[in-house]
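Please model the entire structure based on the sequences and the hints provided.
Here's the letter readout for the chains.
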Amino acid sequence: MKNRRIKMRKNERFFWKLIILLFLAFVITEILNSQQEVIIKIREGVSLIPVAIPEFIIKNKDDLTADCAKIIHRTLWEDLEFSRVFSLVPRDLYPAIPSSGKINFKDWKDLQANIIVTGEVESPAEGRISFTVKAWDAKSGGYIFGKSYGGKAEEARTIAHRVADQMMMNFGEKPLFTSKIVFVSDRDGNMEIYMMDWDGYNQIRLTFNNVVDTLPSISPDKKIVAYTSYRKLNPDLYLYNIFEGKNVALFTGGLNYSADFSHDGKKIAFVSSRDGNAEIYIANVDGTNLKRITFNPAIDTSPSWSPSGREIAFTSDRSGSPQIYIMDSDGANVRRLSFEGTYNDSPAWSPDGDRIAYVSRINNSFDIYVYNLRNNTVTKLTEEAGRNENPSWSPDGRHIVFASNRSGSYQIYIVDYDGSNLRRLTNSGNNKMPKWSKG
Amino acid sequence: MKKLLVLVSILALLFSVSACKKKVTVTPPPPPPVEEKPKAEPEKVPTIKEPELTEEEIFRMKSLEELNRESPLQRIHFDFDKYFIRDDMKPILEKNAEWLKKFPSVKILIEGHCDERGTEEYNMALGEKRAKSTMNYLISLGISPEKIKIISYGKSRPLDPGHNEEAWALNRRADFVIIEK
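Residue numbers (the working numbering), protein chains in the order written: chain A, 1 to 439; chain B, 1001 to 1181.
Mixed in with the good hints there might be a few duds.
[Stated by the list, open to error] Computed, partial: chain A to chain B, Cβ under 7 Å:
1. V211
2. V212
3. L255
4. S273
5. I293
6. P297
7. D345
8. N364
[To be verified] Quick list of simulated restraints, FRET-style, between CB atoms:
9. B:E1094 / A:N284: 45 to 53 Å
10. B:R1069 / A:F243: 39 to 47 Å
11. B:F1084 / A:N363: 17 to 25 Å
12. B:P1091 / A:N363: 27 to 35 Å
13. A:N209 / B:S1063: 21 to 29 Å
14. A:N427 / B:G1142: 48 to 56 Å
15. A:N427 / B:M1061: 47 to 55 Å
16. B:T1054 / A:T342: 47 to 55 Å
17. A:N284 / B:S1144: 35 to 43 Å
18. A:D221 / B:E1057: 57 to 65 Å
19. A:T252 / B:T1054: 36 to 44 Å
20. B:M1061 / A:N284: 30 to 38 Å
21. B:P1091 / A:D330: 44 to 52 Å
22. B:R1069 / A:L290: 37 to 45 Å
No lab work stands behind these hints, which were simulated from the structure alone.
Glycine included, every Cβ here is placed at the ideal spot set by N, Cα and C.
What follows is the structure, given as C-alpha cells:
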C-alpha cells in the first residue's frame, strides 16, 4: 500500500512539473512574440532635441562642391526640422568655426544645443561628391557617430536624407527621410502611377500606357510597386519591380485591386471579386499561398495590415453602409470599429500599431479621422475643406499623406499627426491615392 | 422711134427690177425644220435591283469600332449609392436584350461606373455591383451569361467631369461595349 502511494506521489510531482514547464514555455513565447512588435512611441510632451548644424567645410573650391554643400545642408536642416524630434538652433547664434574645422566645444556651450553636426564636402572626381558627417554631443564634446557618403552630384539630396535617417536611428526613432510616396496622376493625359520622395522631390512616372492605372502601393523596401491596370481590359493587380524592370500581372480573374504590403514585406493583402463579389485575400508577395479571408456577400475592401501582421483593418458594408472593421489575418474575430456616420472607408493602420486613420463622408465632403486603439477616442484631422481622402502614414507614424481637392484640383498633402504643418507636395494635373512606403 | 423707146424702157425696167432683185440680200432658204428627235433614252434594259441587305448582313459588314460607335445598346443609370435596376431603366434593358437576341453571336462587356462622391476602393466594388445587376437582369430576359463579361471602373471614367447633381446622375451608369461579333 505504502509503495503504491509513493509511486502515485512521484507521478503527481512529475505531472505538476510538466504543467509548470508548459506554463513557463507559454509565457516565454508570449513575451518573445510581443517583443517582435515594433514599439515606436510618439513622444508626446517630450521636448525636441536642439541641434546645431554649422556650415559645412568645402574642400574643393569649385562651384559644384559649393552648390552640393549648400544643398546637403539645406536638405538636412529641413528634414530635421520636419521630424518633430529635433529642433534647429538658428544659424545667426552660432560662433565662428576655426578654419581647421575643429570645433571648440567651449564656444558652443551657451548655445543651448544638445547636438552639433559637422560636415565636410569634397569632389573626388568629375561630377561626384563625397560627404563626411560627424555628430557630437555639445555638452561633453563626445563623438556620437560619423559616416561618409559618396555619390553623383545629383544625389546630394539623397545623401542629406541618409544623414537625417542616421540621426533618427541614433536616437531610437524610425527613419523616414529616404521613404517614398507612390500616387496616381493624370498630368500626362490619363491616370498613371508616379513615385516621389517624401518631400515631393524627384517625381517620376512609372507606367506608360493609354489605360487607367490606379490604386498603387509600395513595398517596405521600396523595390516593388503594386497597382491595378486595365491594359488587358480588366482591372488586374500588377507587381512591378522598379529596379529589375519586371512588371507582372500577379492576380487576374475578376477585379483585383487595393493592395497593401505587410510591414515585413513578405505578404500582400488585396481585394478580389474572383469568387463573385469583393472579398479580401492575402498571399505571399510572389503570388503563392493565396488565401481568401472574408466570406460575406457584402462589399469587403480596403485592407490595411497591422504592424505586427497579426491583424488587418478593412472596410465592409455588411451592416448596410461602409464601416471600418478589424479582423485577425486569417479572417477570424471580426470586430466593428466605426459607429459614427454612414460612410467610413480607407483605413490605414499606423506603424506604431496604436491608431487607425480613415475617412468619413458627410454630404459630399470627406474628412480624415484618427481612431486611437489604446483609449478608443477619435480625433478629426482635417476640417471639411472639400474632400480629403486616402490617408497613409509615414514610416515613423508622425505624419500622414493624403489627397485633397481643397485647392480646386486634387493634390497631395502631408500633415503632422496633430493636424499641424500642412504641406502641399504636388502641383500639376490631378494627383490622388498616395501611399507612403513603410520604410 | 417710139416703138424703140418703149422697148428700151421696158428692157431698162426689167434690168432695174432684176438688178434690184439682185441687191436684195438673198435670204438663205429657211433651214429645214429640225426634227425633234425624242430624248435619247438609254436602252431599256431591265435594271438589276440590288436586293436589300438584311440587318444581319449589315451587321456583319461593320467593324467592332463602327458598331460600338453607333451604340446599339443603350446605357442605363442608377440611384446614388445604389445598384438595383430602376423601373425606368427596364425598358432600355429590354430593348438591349432584343437586339442581343437578333445577333446571337455577339458578346458584350458591361462596365459599371460611379459618381465621384465615394472613395476609389468602395466605388470599384459598387461599380461592379451595378454591372452585375445589369447582367443579371439581362440573364433574366433570356440572354446567356456566357455572352456577358463585367468590369468596373469605379469613379475613374466619368462621362461628365462636373461637380453637380446632373453630372453625378449621368456618371452613375452601366455602359455596354460589344467585344465580339
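Here is what the structure says about each hint:
The interface hint given for A:V211 is broken, as the beta carbon of that residue sits about 10 Å from the closest beta carbon of chain B, more than 7 Å. Checking A:V212 against chain B: minimum C-beta separation of about 5 Å stays under 7 Å; hint holds. A least Cβ separation of about 6 Å between A:L255 and chain B falls short of the 7 Å threshold, and the interface hint therefore holds. Nearest Cβ of chain B to the Cβ of A:S273: about 6 Å, under the 7 Å cut. The hint holds.
Restraint check, A:I293 versus chain B: the minimum CB separation of about 16 Å is more than 7 Å; hint violated. Annotation: interface hint on A:P297 violated; nearest CB of chain B at approximately 10 Å, more than 7 Å. With its C-beta approaching chain B no nearer than about 4 Å, A:D345 sits inside the 7 Å limit, and its interface hint holds. Against a cut-off of 7 Å between C-beta atoms, the interface hint on A:N364 holds, since the closest Cβ of chain B lies about 5 Å away.
The given range of 45 to 53 Å is respected by B:E1094 and A:N284, whose C-beta atoms sit roughly 48 Å from each other. Checking the proposed 39 to 47 Å range against B:R1069 and A:F243 shows it holds: the Cβ atoms sit about 43 Å from each other. The supplied range of 17 to 25 Å is met by B:F1084 and A:N363, whose beta-carbon atoms lie about 23 Å from each other. Checked against the hint of 27 to 35 Å, the pair B:P1091 and A:N363 passes, with Cβ atoms roughly 33 Å apart.
At about 23 Å, the CB distance of A:N209 to B:S1063 agrees with the hint of 21 to 29 Å. Checked against the given bound of 48 to 56 Å, the beta carbons of A:N427 and B:G1142, roughly 54 Å apart, stay inside it. Checked against the hint of 47 to 55 Å, the pair A:N427 and B:M1061 passes, with Cβ atoms roughly 50 Å apart. The hinted window of 47 to 55 Å between B:T1054 and A:T342 holds, with their beta carbons roughly 54 Å apart.
The given range of 35 to 43 Å is respected by A:N284 and B:S1144, whose C-beta atoms sit roughly 38 Å from each other. The hint said 57 to 65 Å for the Cβ distance between A:D221 and B:E1057, and at roughly 60 Å that hint holds. Roughly 39 Å separates the CB atoms of A:T252 and B:T1054, a value that falls within the hinted 36 to 44 Å. Separation of B:M1061 from A:N284 is about 51 Å and departs from the stated range, judged on CB atoms against 30 to 38 Å.
Judged by the Cβ atoms, the range 44 to 52 Å given for B:P1091 and A:D330 holds: they are separated by roughly 48 Å. Taking the beta carbon of each, B:R1069 and A:L290 are about 40 Å apart, inside 37 to 45 Å as hinted.
Checked against the numbered hints above, the structure violates hints 1, 5, 6 and 20; every other hint is satisfied.
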